[in-house]
Amino acid sequence: MSTVRVPPVLRAAVGGVRELPVPGSTVAEVLQSLYAAHPEVRAQLVGDDGELHRFVNIYVNDEDVRLLGWLDTSVDDSDTLLILPAMAGGAR
Amino acid sequence: MGRTYQDLLAAAREEIPEVQVAELADRLASDEAPLVIDVREQAEWDEGHVPGAVHVPRGYLESRIAGVARPNEPIVLLCAGGFRSLLAARNLREMGYDHVESLAGGFTRWKQAGNHYDVPQTLTAEQRARYSRHTLIPEVGEAGQLKLLGAKVLLIGAGGLGSPSAYYLAAAGVGTLGLVDDDVVDASNLQRQIIHTTDRVGMLKAESAKIAIEALNPDVTVNAHATRINRDNVLDIIADYDVIVDGADNFPTRYLLADASLMARKPLVHASILRFEGHASVFLPYDGPCYRCLFPEPPPPDLAPSCGEAGVLGVLCGVMGNIQANEAIKVILGIGDTLSGRLLVYDALGMSFTELKVRRDPNCPGCGPDAHLEFRDYDAWCAGIGRHVGAVQA
Numbered sequence: 061m062s063t064v065r066v067p068p069v070l071r072a073a074v075g076g077v078r079e080l081p082v083p084g085s086t087v088a089e090v091l092q093s094l095y096a097a098h099p100e101v102r103a104q105l106v107g108d109d110g111e112l113h114r115f116v117n118i119y120v121n122d123e124d125v126r127l128l129g130w131l132d133t134s135v136d137d138s139d140t141l142l143i144l145p146a147m148a149g150g151a152r
Numbered sequence: 092m093g094r095t096y097q098d099l100l101a102a103a104r105e106e107i108p109e110v111q112v113a114e115l116a117d118r119l120a121s122d123e124a125p126l127v128i129d130v131r132e133q134a135e136w137d138e139g140h141v142p143g144a145v146h147v148p149r150g151y152l153e154s155r156i157a158g159v160a161r162p163n164e165p166i167v168l169l170c171a172g173g174f175r176s177l178l179a180a181r182n183l184r185e186m187g188y189d190h191v192e193s194l195a196g197g198f199t200r201w202k203q204a205g206n207h208y209d210v211p212q213t214l215t216a217e218q219r220a221r222y223s224r225h226t227l228i229p230e231v232g233e234a235g236q237l238k239l240l241g242a243k244v245l246l247i248g249a250g251g252l253g254s255p256s257a258y259y260l261a262a263a264g265v266g267t268l269g270l271v272d273d274d275v276v277d278a279s280n281l282q283r284q285i286i287h288t289t290d291r292v293g294m295l296k297a298e299s300a301k302i303a304i305e306a307l308n309p310d311v312t313v314n315a316h317a318t319r320i321n322r323d324n325v326l327d328i329i330a331d332y333d334v335i336v337d338g339a340d341n342f343p344t345r346y347l348l349a350d351a352s353l354m355a356r357k358p359l360v361h362a363s364i365l366r367f368e369g370h371a372s373v374f375l376p377y378d379g380p381c382y383r384c385l386f387p388e389p390p391p392p393d394l395a396p397s398c399g400e401a402g403v404l405g406v407l408c409g410v411m412g413n414i415q416a417n418e419a420i421k422v423i424l425g426i427g428d429t430l431s432g433r434l435l436v437y438d439a440l441g442m443s444f445t446e447l448k449v450r451r452d453p454n455c456p457g458c459g460p461d462a463h464l465e466f467r468d469y470d471a472w473c474a475g476i477g478r479h480v481g482a483v484q485a
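Note that the protein sequences, when read in sequence, are chains C and B. Numbering of the first sequence is given in this note's numbering, commencing with residue 61 and proceeding in unit increments. Numbering of the second sequence is given in this note's numbering, commencing with residue 92 and proceeding in unit increments.
Calculated directly from the structure, the hints in this document are not laboratory data. It cannot be assumed that every hint is accurate.
Stated by the list, open to error - Which chain B residues stay away from chain C? Per the calculated CB distances, all over 10 Å, these:
#: 1; residue: Gly235
#: 2; residue: Thr318
#: 3; residue: Ala339
#: 4; residue: His370
#: 5; residue: Leu394
#: 6; residue: Ala395
#: 7; residue: Pro396
#: 8; residue: Val406
#: 9; residue: Asn413
#: 10; residue: Thr429
#: 11; residue: Leu440
#: 12; residue: Leu447
#: 13; residue: Arg450
Unchecked claim - Looking from chain B toward chain C, a few residues come up when the C-beta cut is under 8 Å (computed):
#: 14; residue: Asp340
#: 15; residue: Phe444
#: 16; residue: Lys448
For clarity, every value in this text was computed on a predicted model and none was experimentally measured. The beta carbon of each residue, even a glycine, is placed where N, CA and C say it ideally should be.
Based on the sequences and whatever the hints tell you, model everything.
Now the structure itself:
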């Protein structure tokens with residue numbers, strides 16, 4: 061089980077937790093497991109074409125999966141998968 | 092029988108050639124410029140001196156001359172009016188400095204003749220006291236403090252992030268702070284926007300922040316830009332500043348700043364906040380990744396709630412705003428390792444800092460080699476018009 065860290069905007073969709081253990085040996089498998097357990101997450105991360113939205117960054121530990129093996133990047137129990145949409149808040 | 096001051100001067104004039112201001116100016120401009128030694132006191136030197144001159148107060152001249160000049164070197168001594176230098180020159184002559192002259196009329200006549208002179212930048216006595224905890228740090232020192240005093244930082248937003256960053260940058264003695272904010276202080280701001288006060292509710296935030304900063308540090312010039320930054324005014328506003336601190340509260344402004352900072356090649360110090368989470372990074376145009384290397388596109392509005400919609404812990408603003416102030420100071424001073432190439436993610440609930448690597452994207456729509464950088468309709472783009480409908484375009 062990898063650890064998935066959930067950004068504030070998605071926490072309601074996973075029952076309010078900041079991180080949760082999710083099974084899978086690749087990023088794609090972890091995401092599928094996450095969607096199966098929490099279907100609302102899928103609606104927010106994936107477009108109608110089944111692809112991850114471009115505004116969503118996924119990191120395995122500290123590295124962007126765009127620079128690793130994208131969704132085929134392998135993960136194990138020691139890895140943390142971090143979902144990171146941009147945040148805008150600052151002034152108001 | 093003793094000799095009077097006039098006797099001493101007269102004797103010195105017989106021994107020491109005097110050079111006129113116009114001649115010194117010509118010789119300094121030539122290939123055979125003499126070494127000019129200014130023998131006045133520190134306070135006189137600080138008010139201005141001949142460019143290129145070396146400062147050795149008369150009281151130290153004999154003890155320090157060996158480290159400054161060779162005996163066969165042409166030397167012109169100067170003081171304020173030409174008398175101290177004349178007497179000092181006799182002593183150098185006795186020490187074997189045979190080509191020593193004295194400037195007739197001294198620095199006063201040099202200045203009166205309209206010649207160029209340098210006024211060295213130094214801290215005033217008040218500034219030495221105020222910034223002593225900075226100047227004690229070897230990486231800052233008096234030179235670094237002078238850099239800060241000469242620096243101009245533009246803060247976008249005088250709100251949650253802008254309050255602490257503006258406050259600390261002002262305390263640090265950043266000489267010019269620009270504040271861009273068209274909003275007015277509301278009672279709901281005061282839980283986190285500490286630069287404002289209860290009795291200033293209803294006032295423009297830029298004006299309220301200006302009052303606070305000027306009360307804290309009179310060294311700081313505050314430019315209050317009570318306007319919303321947009322594609323028509325952004326380049327004019329940022330042109331006068333060295334560093335931009337992005338504390339905006341919306342994606343259109345953040346993407347506008349990302350593009351403008353690339354166009355104007357201004358370092359952009361980024362932070363954003365929501366609830367208990369903060370992000371911070373530094374974007375150095377074409378020298379590191381840009382905002383759009385990190386986030387090529389904004390999320391749609393339903394995935395990008397503002398703090399006004401989703402809430403934010405007040406203290407979080409202080410943590411992230413001060414990280415921005417810290418990074419802005421490092422950028423100005425050129426010290427340490429900035430957050431360029433890293434996104435710092437702070438989780439205030441878990442009290443953890445996570446660092447993510449950010450690399451320059453060779454296909455970046457902002458700073459990539461094939462990018463066509465031009466302003467767009469950021470409001471429409473961030474609202475997802477023509478973009479988040481259906482599949483995301485590659």
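Now the hints, each set against the structure:
1. Gly235: The claim holds: glycine 235 of chain B sits with its nearest Cβ about 28 Å from chain C, beyond 10 Å.
2. Thr318: holds (14 Å)
3. Ala339: violated (5 Å)
4. His370: Since the minimum Cβ distance to chain C is about 6 Å, histidine 370 of chain B lies within 10 Å and the statement is violated.
5. Leu394: It is violated; leucine 394 of chain B is separated from chain C by about 5 Å at its closest Cβ, not greater than 10 Å.
6. Ala395: Given that some Cβ of chain C is not farther than 10 Å from that of alanine 395 of chain B, nearest at about 6 Å, it is violated.
7. Pro396: The assertion about proline 396 of chain B is violated, with a minimum of 6 Å to chain C.
8. Val406: The assertion about valine 406 of chain B holds, with a minimum of 14 Å to chain C.
9. Asn413: holds (14 Å)
10. Thr429: Non-interface label stands for threonine 429 of chain B: nearest chain C Cβ at 17 Å, farther than 10 Å.
11. Leu440: At about 7 Å from chain C, leucine 440 of chain B fails to clear the 10 Å cut-off, so the statement is violated.
12. Leu447: violated (5 Å)
13. Arg450: violated (6 Å)
14. Asp340: holds (4 Å)
15. Phe444: Violated, because the Cβ-Cβ distance from phenylalanine 444 of chain B to chain C comes to roughly 12 Å (cut-off 8 Å).
16. Lys448: holds (5 Å)
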